[in-house]
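Trainee: One line per chain: the protein sequences are Y and E, in this order.
In terms of the numbering used here, the first sequence opens at residue 1 and continues consecutively.
In terms of the numbering used here, the second sequence opens at residue 1 and continues consecutively.
Rather than coming from a laboratory, the hints here were simulated on the basis of the structure.
Think of the CB as a built atom: it goes at the ideal place given N, C-alpha and C, for glycine as much as any other residue.
Misleading hints may appear alongside valid ones.
Claimed, not checked - Here are the simulated EDC-like pairs of lysine to aspartate or glutamate, each with C-alpha atoms no more than 16 angstroms apart in a straight line:
no.	chain 1	residue 1	chain 2	residue 2
1	E	Lys120	Y	Glu156
2	E	Lys80	E	Glu100
3	E	Lys13	E	Asp66
4	E	Lys80	E	Glu69
5	E	Lys80	Y	Asp177
6	Y	Lys82	Y	Asp177
Said to hold, decoys possible - Simulated coverage check for chain Y against chain E, where a stretch passes if three residues somewhere in it have a Cβ under 8 angstroms from a Cβ of chain E:
no.	segment
7	158–164
8	167–173
9	176–190
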Amino acid sequence: MTTYAFLGALEQGFVYGLMVLGVYLTFRVLDFPDLTVDGSLPLGAAVASVAITAGHDPFLALTFAAGAGFLAGAVTGILNTKFKILHLLASILTMIALYSITIRIMGRPNLTLLGKPTVMDAVAALGLPPHLASTALFACFAAAAVAALLWFLRTEIGQTMLATGDNPQMIRSLGVDTDIVIIGSVGLSNALVALAGGLIAQNQGAADVNMGVGTIVAGLASVIIGETLFGCRTVARALVAAVAGSVLYRLAIAFALSLKIGDFSFQPSDLKLVTAVLVVLALVAPRIRKGLARCSS
Amino acid sequence: MLVLDRIVKYFHKGGVNEVLALNGVSLEVEKGDFITIIGSNGAGKSTLLTGVAGGFLPDSGRLLLDGEEITRLPEHRRAKFIGRVFQDPLLGTCASMTIEQNMALAQRRGLTRGLAAGVKAGDREFFRAQLAQIGLGLENRLHDRVGLLSGGQRQSLTMLMATMAEPRVLLLDEHTAALDPKTANHILELTERIVRERRLTTLMVTHNMNQALALGNRLIMLHRGEIILDIRGAEKENLRVQDLLARFYAIKGETFSSDKMLLV
Ligand SMILES: Nc1ncnc2c1ncn2[C@@H]1O[C@H](COP(=O)(O)OP(=O)(O)O)[C@@H](O)[C@H]1O
Ligand SMILES: [Mg+2]
Numbered sequence: 001m002t003t004y005a006f007l008g009a010l011e012q013g014f015v016y017g018l019m020v021l022g023v024y025l026t027f028r029v030l031d032f033p034d035l036t037v038d039g040s041l042p043l044g045a046a047v048a049s050v051a052i053t054a055g056h057d058p059f060l061a062l063t064f065a066a067g068a069g070f071l072a073g074a075v076t077g078i079l080n081t082k083f084k085i086l087h088l089l090a091s092i093l094t095m096i097a098l099y100s101i102t103i104r105i106m107g108r109p110n111l112t113l114l115g116k117p118t119v120m121d122a123v124a125a126l127g128l129p130p131h132l133a134s135t136a137l138f139a140c141f142a143a144a145a146v147a148a149l150l151w152f153l154r155t156e157i158g159q160t161m162l163a164t165g166d167n168p169q170m171i172r173s174l175g176v177d178t179d180i181v182i183i184g185s186v187g188l189s190n191a192l193v194a195l196a197g198g199l200i201a202q203n204q205g206a207a208d209v210n211m212g213v214g215t216i217v218a219g220l221a222s223v224i225i226g227e228t229l230f231g232c233r234t235v236a237r238a239l240v241a242a243v244a245g246s247v248l249y250r251l252a253i254a255f256a257l258s259l260k261i262g263d264f265s266f267q268p269s270d271l272k273l274v275t276a277v278l279v280v281l282a283l284v285a286p287r288i289r290k291g292l293a294r295c296s297s
Numbered sequence: 001m002l003v004l005d006r007i008v009k010y011f012h013k014g015g016v017n018e019v020l021a022l023n024g025v026s027l028e029v030e031k032g033d034f035i036t037i038i039g040s041n042g043a044g045k046s047t048l049l050t051g052v053a054g055g056f057l058p059d060s061g062r063l064l065l066d067g068e069e070i071t072r073l074p075e076h077r078r079a080k081f082i083g084r085v086f087q088d089p090l091l092g093t094c095a096s097m098t099i100e101q102n103m104a105l106a107q108r109r110g111l112t113r114g115l116a117a118g119v120k121a122g123d124r125e126f127f128r129a130q131l132a133q134i135g136l137g138l139e140n141r142l143h144d145r146v147g148l149l150s151g152g153q154r155q156s157l158t159m160l161m162a163t164m165a166e167p168r169v170l171l172l173d174e175h176t177a178a179l180d181p182k183t184a185n186h187i188l189e190l191t192e193r194i195v196r197e198r199r200l201t202t203l204m205v206t207h208n209m210n211q212a213l214a215l216g217n218r219l220i221m222l223h224r225g226e227i228i229l230d231i232r233g234a235e236k237e238n239l240r241v242q243d244l245l246a247r248f249y250a251i252k253g254e255t256f257s258s259d260k261m262l263l264v
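Could you put together the complete structure from these sequences and hints?
Mentor: Below is the structure:
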């Protein structure tokens, strides 16, 4: 693997780390498998790109993206809690609907940001070389998200979120409206995913309605890699493991792409299959499953 | 103070599996009453308690607490005045959270929750003092996850948590049934002490007739969704298991063997 590929993987690992934190919140904390993320990632990219094109500040554009992601997640939460649609199906419905909405927002399936200001400019202004700048910036975003979540999950509201995932009957009998908690938590998760989408679009200079395909599987793979290697004994550890898992996942992909076995080498399009196989292996391999049992409540 | 007025509850109404779980149950619970509830399996005891807690809307009938109608109040809004302990020790606590986190959650039962710290440093002394009362050494394990505790320890903790924020009604549903006899006794003593010291209005379901007679000031027997016996005060004091059985068979006109489960 070249240094260039290594740095690229690191950069991807951090920016997708925000998405993985979101997936961790739904999948592990809330026990709510949420496929909305496949739609909220391009949604965030689209909203950020349109906002920047309209002349808004790139950082402000990110808050719009996160807000849109929150709403998308909240819709899934409402479909599940208020209309009693199974979580998996509810999230698929939102994801599909988001495809149309994202194209509506951009007015076309993709939107380029070439020549437009982005958050990378702020870091480049500090004098860092461009390929290091984005990596450093995304690492800061990931670290800030971990710190913020760590703080939040220890607040009264955050604790009800942990409890809702663990024992909803108990926390309801303690006076908490679990519907609201679920709606808010799935919203928060998708806000993080959309934030990642907004950053990715600014980094690669374009938003594309199809850029979210397979987000959930990559997220799951990262969560599983992280907790298998780093554990999940405390929330703090699990959060750090999620980001670390994301980085390792991107490194593993970069490594797979650099492999050459005789005439054979992986195509980028093979990676979804590789990831799916990886997740299946992780879910069925007994030793790893023991690790998982400790992590899920 | 708690009034159940002709509560009717069906499960699967209109379907082939229709069950009439509560058949017009009326009950006036006085403040400070400690009512034990017995009845064979499927009599509707759990349904009665769940109904009071707000787990479902009754098909008809009304519920009043201190004169205020609460029939349609959702479960989480009733939690402010209701403390609850389930039969399954796993149901009352969060396994993945620590003892102090669980207690802090219970401490804010019915209050709004914001962005203040979940566990406040100043509360730890109070938690320790509470835990010390139950004599299991849990006061030194505030940071342990509840999943590490035994069923009996968890149920003791749940008892504390259900009564930490003063409930106007305490609901106990066979909360010792899943425990070994020694642990069950410990929990019963704890229950008895907490209810007596705090004068809590309590509804306690039990499958054990001796328990039902030994505890509380009032005893109710449910059968097929109806209250068929309601005995209180001195009359209850002097009652023995045989009398209870005799009254039951007299009312239902059934033979002794068909309801052996009552003896369990
Ligand atoms: N969630 C439910 N769905 C369908 N039927 C139920 C449900 N809960 C209880 N029942 C039925 O209602 C009746 C009363 O049950 P329950 O209140 O649990 O009895 P008890 O606690 O006295 O043993 C039983 O016939 C039971 O099968
Ligand atoms: Mg029962």
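Trainee: Compare the structure with each hint and give your call.
Mentor: Quick rundown of the hints versus the structure:
no.: 1; hint: Lys120/E to Glu156/Y; verdict: holds, 10 angstroms
no.: 2; hint: Lys80/E to Glu100/E; verdict: violated, 20 angstroms
no.: 3; hint: Lys13/E to Asp66/E; verdict: violated, 31 angstroms
no.: 4; hint: Lys80/E to Glu69/E; verdict: holds, 15 angstroms
no.: 5; hint: Lys80/E to Asp177/Y; verdict: holds, 12 angstroms
no.: 6; hint: Lys82/Y to Asp177/Y; verdict: holds, 12 angstroms
no.: 7; hint: 158–164; verdict: holds (count 5)
no.: 8; hint: 167–173; verdict: holds (count 6)
no.: 9; hint: 176–190; verdict: holds (count 3)
Checked against the numbered hints above, the structure violates hints 2 and 3; every other hint is satisfied.
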